[in-house]
Amino acid sequence: MATAQRGRRPEKRIQPEPRYDFLSLAVDREPGDVVSEFSTEIDAALERAVEDDLDVAWLQGQSCTGCTISLLQGEYPEQFQLEQFRESIAFHPTLMTDAGDRALDAIETAPDVLIVEGSIPVDVPRSATLGVDQFGNRRPILDWVMELAERAEVVVAVGSCAAYGGLPAAGKRDPEAVRSSPTGASGIQFEGIDRGGVLGPEFTAGSDLPVINVPGCPTHPDHILLTLATVLNGHIPTLDEFNRPLPLFAPLVHDDCSRRPDYEAKDFAAEPGEEGCLYEAGCAGVHAHCDDSKRLRNDGTTICRDIGAPCIGCVEPAFWDRFTPFYEARETREEIGEPEPIEEPGHTIPRPEGSLPGLLIAIPVCLMLLPLLPVIGALWLVNRWLSPDGPIVWREDPRNQSVGDH
Amino acid sequence: MPEIEINPTTRIEGHHSTTIDVQDGQIQSAKSHMEMFRGIENITVGRPPSDVPQITQMVCGVCFTSHRKAATLALEDAAASAGVFGGVPYNARLLQNVMEGMFLLWNHAIHVFTLAGPDYSDAVAETGYAGLNPNEGAGYESALSNQRTLLQAFTEFGGRAPHPLTYAPGGVVAQPDEETVERVRERIASVDEWVGPTDAVPEVLEAVRDQRGPPSDAHGLYDMLSVLVAAAEEGADEFGVGPGRFYANGMFYDDDGGLVFPGGIFIDGTIHEPSQAELLAGITEDTSHAWYTEESGGHPQRAPPPEPAPDKEGAYSWGKAPRLDGQSVETGPLARLIAAGDDPFDLRAQLGGDPQRGSTLNRLIARVQEFLLVRDLLGEWIDSVDIHGPLRAEWTDDFTGEGVGLWGASRGALSHWVRVEDGEIANYQIISPTLWNLGPRDKEGNPSILEYALEGMEVEDPRNPVNVMRTIRSYDPCLGCAVHVQDGDEKRFVGDLEPPRPTGSIGD
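Chains A and B, in that order, give the protein sequences. Quick note: the first sequence uses full-length UniProt numbering, first residue 1, plus one each step. Quick note: the second sequence uses full-length UniProt numbering, first residue 1, plus one each step.
There's no promise every hint is true.
Cβ-Cβ distance ranges computed for the label pairs, FRET-style [what the hints assert, rightly or not]:
(1) P201(A) to D311(B): 37 to 45 Å
(2) A329(A) to Q327(B): 45 to 53 Å
(3) G353(B) to R151(A): 30 to 38 Å
(4) D342(B) to D133(A): 47 to 55 Å
(5) A329(A) to A393(B): 15 to 23 Å
(6) D133(A) to E233(B): 54 to 62 Å
(7) G341(B) to A329(A): 47 to 55 Å
(8) G353(B) to A270(A): 54 to 62 Å
(9) D133(A) to Q327(B): 33 to 41 Å
Pulled from the structure, derived: some chain A residues nowhere near chain B, Cβ distances all over 12 Å [what the hints assert, rightly or not]:
(10) P18
(11) D28
(12) R29
(13) G32
(14) F38
(15) S39
(16) M146
(17) K172
(18) G200
(19) E202
(20) D240
(21) A250
(22) D255
(23) R260
Straight-line alpha carbon distances no greater than 20 Å define the calculated DMTMM-like cross-link-like pairs of lysine to aspartate or glutamate that follow [to be verified]:
(24) K172(A) to E424(B)
(25) K172(A) to E307(B)
(26) K266(A) to E328(A)
(27) K443(B) to E307(B)
(28) K443(B) to E313(B)
(29) K312(B) to D123(A)
(30) K31(B) to E424(B)
Quick caveat, the hints were computed from the structure, so don't treat them as lab data. Glycine included, C-beta positions come from ideal geometry on N, C-alpha and C.
Okay, chain A solo, but in the shape it has when bound (with noise of 0.2 Å):
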């Protein structure tokens, strides 16, 4: 257990011990496997936020608290994990045992890891606030963001809402006469698919990594725990084009869908709740990336195709307005001035007829790429190890070196 490596991390650079990346490890695995094999691993990564005191906190913006209540229905092989989890995260303003002014002096230092849940008004930011200021006035989360993000090592957005702006901002990016909403809601570093939101395109954390995006309407308890693990592990994820995890968020829910052999064999169902494959009945499955196909929710139980419910692509930028009606057919749907972001061979739109020549040209091009992902991520690695100040060793602590074990 983790107890083990407290007050080491000096050594680190000279003999780094072994730290997983979690992430790393799901890239060969079944989406599910690496939370149920390395679930003392990933105990650990967590213990060392209490241990070796690294900050996370957790603020709510415009959110409606589900990605929390989905994190309480992960996969936990041990109870103690949840346990972790929970004394992992300083502040969290649903899961904390603190409260009172002890509870935001627990974010008034530079946390190490800054997770937000939820939009950020912009246009109104007294719509959303923590707290009050030495004013008395209402602070509004907005601010909170700007300054806490500058200061932390990682910011990671959990669920649609912070990474792209998601329910608060429907209707913004969707030229049909539809009322959008009128807070200004906008995710911490995207608006729908495009790079900005609060903190602007340019913005880096001080790992010199973007915002990680773990979206997901809500977000999916183990994509959470598995990129929290892995920051804490001191490890960068590899981000896709909108900022995502890549393991997690690489597949296409039509990919592994248990409804595929019906879409090969064009047996559609019309409405959703009937048999057959549901991409006419308004299916998004097709553009949305994700494992939730085969991983499933609420510890495995099912995913939405499971009961007839067409995906509803909760998992991409502009969330909402790219998918909407929900329950149209996609290729009827009036164009929304929105360019497909996702521009892979094959990929794009599959359709029954006309995907098999996309996919025989990018099975040929991912395999000639996959040599070179050892070599970048060597020099990844190497360059981590050489930084004397990269996020392995999150930042020196007194305490460490006072009361350390070593």
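Keeping the supplied structure of chain A fixed, place chain B upon it in accordance with the hints.
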């Protein structure tokens, strides 16, 4: 500034606060502030009706199914009024009973065990009761595990939770088979095993009073009743007392076309059962103390979606003040049981004194009573669903009409109000239970239910207002709560405000 956030796993959003003015040990005035606005009602406008249950469900990651349910009811009502919808198959209603039932059990368990419970454990006060101490309480731990099992059972029909995908206008989208139903039964059976038999209540209550420890077959029940006994000993029957006006919407479908919990209004010691038209005509929303324009208030069927006015003079909440015939009314499980004239096992009479008093203790007891009542009905509903029977009636978005969805959500009376024009949403309003209970004052200056219950309350130690927090939590507010205390000199405390919650800082 002292801010108290409600504790572990209790899905309370961090956007509510309460300011109390304490003079001579008594609360002179209280203000309930809702600190978040997203404009979800505005977002529905211009969209097709079929998308609305999905959108409004996302109002809350805790009460997801309640909002989805009320939205489908509102749309079905509107389509029926337009003559394009003939009604939902009873079989689909039964499946909704099953899902709403499992959801209610989950919600009440979370509340009793992890939200309110710790307030009465030895972690917070010297009650001698350790079971729901969040740091080491066995009851607390088993509740966390059982809440997961309950949502897994829910998910067999829901696809996922939070934010399931099942209810749609006209019925449900679901494809259950025998195995699905069997898995649900198994999961519910394991929760039942944890709770123990309902008819053991009198016996277990004695065991709690004699501090004999939980009987082997009723661990959950023992913890639930322990909380109630501890709360009674802490005097929770005497504080947090509201004005004695209650309003409940009905819930769960009966096979005779009625509702299992009928709903109704209890005012001046009498139960009234107004017709739906009478009830709807009496509901208004007041924006005099809310950060919205005056035009945003009025009757929900006529008022437009809210327009923010963040600099408005005298406003202190993002919540509007709903009123029934001009008066504030309390809603929630207690209101439902009073409207139904029910006090199972006489728990409220025995522990809470008057079963119809709107006290902090009675609100807590009512949640336990409702948990047991619904748990016992759930099995019947599961057995009654015909998985091969009709689950959804034909539905079209293409109509013009208006409608209302009234539903008894776990936290109380929920209503969704919709107007559809030519297949598009033209107007939408949501009045949530927390708004009824925790909204602001109205233009006459009359307080909301929470404000009323707090005013006059004795506060021995303004730096540690335990009973204030217990009272706020007793409404199961779907919000994070913060308390800003002002002392008699109108000076805000900015020092330590000891939270009425388990001590021990993370990282200490």
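Results for each hint:
{"no.": "1", "hint": "P201(A) to D311(B): 37 to 45 Å", "verdict": "31 Å, violated"}
{"no.": "2", "hint": "A329(A) to Q327(B): 45 to 53 Å", "verdict": "50 Å, holds"}
{"no.": "3", "hint": "G353(B) to R151(A): 30 to 38 Å", "verdict": "53 Å, violated"}
{"no.": "4", "hint": "D342(B) to D133(A): 47 to 55 Å", "verdict": "49 Å, holds"}
{"no.": "5", "hint": "A329(A) to A393(B): 15 to 23 Å", "verdict": "22 Å, holds"}
{"no.": "6", "hint": "D133(A) to E233(B): 54 to 62 Å", "verdict": "41 Å, violated"}
{"no.": "7", "hint": "G341(B) to A329(A): 47 to 55 Å", "verdict": "51 Å, holds"}
{"no.": "8", "hint": "G353(B) to A270(A): 54 to 62 Å", "verdict": "59 Å, holds"}
{"no.": "9", "hint": "D133(A) to Q327(B): 33 to 41 Å", "verdict": "37 Å, holds"}
{"no.": "10", "hint": "P18", "verdict": "25 Å, holds"}
{"no.": "11", "hint": "D28", "verdict": "26 Å, holds"}
{"no.": "12", "hint": "R29", "verdict": "22 Å, holds"}
{"no.": "13", "hint": "G32", "verdict": "15 Å, holds"}
{"no.": "14", "hint": "F38", "verdict": "21 Å, holds"}
{"no.": "15", "hint": "S39", "verdict": "16 Å, holds"}
{"no.": "16", "hint": "M146", "verdict": "18 Å, holds"}
{"no.": "17", "hint": "K172", "verdict": "10 Å, violated"}
{"no.": "18", "hint": "G200", "verdict": "23 Å, holds"}
{"no.": "19", "hint": "E202", "verdict": "28 Å, holds"}
{"no.": "20", "hint": "D240", "verdict": "23 Å, holds"}
{"no.": "21", "hint": "A250", "verdict": "20 Å, holds"}
{"no.": "22", "hint": "D255", "verdict": "19 Å, holds"}
{"no.": "23", "hint": "R260", "verdict": "17 Å, holds"}
{"no.": "24", "hint": "K172(A) to E424(B)", "verdict": "18 Å, holds"}
{"no.": "25", "hint": "K172(A) to E307(B)", "verdict": "17 Å, holds"}
{"no.": "26", "hint": "K266(A) to E328(A)", "verdict": "17 Å, holds"}
{"no.": "27", "hint": "K443(B) to E307(B)", "verdict": "18 Å, holds"}
{"no.": "28", "hint": "K443(B) to E313(B)", "verdict": "13 Å, holds"}
{"no.": "29", "hint": "K312(B) to D123(A)", "verdict": "16 Å, holds"}
{"no.": "30", "hint": "K31(B) to E424(B)", "verdict": "38 Å, violated"}
Checked against the numbered hints given earlier, this structure breaks hints 1, 3, 6, 17, 30; the rest are met.
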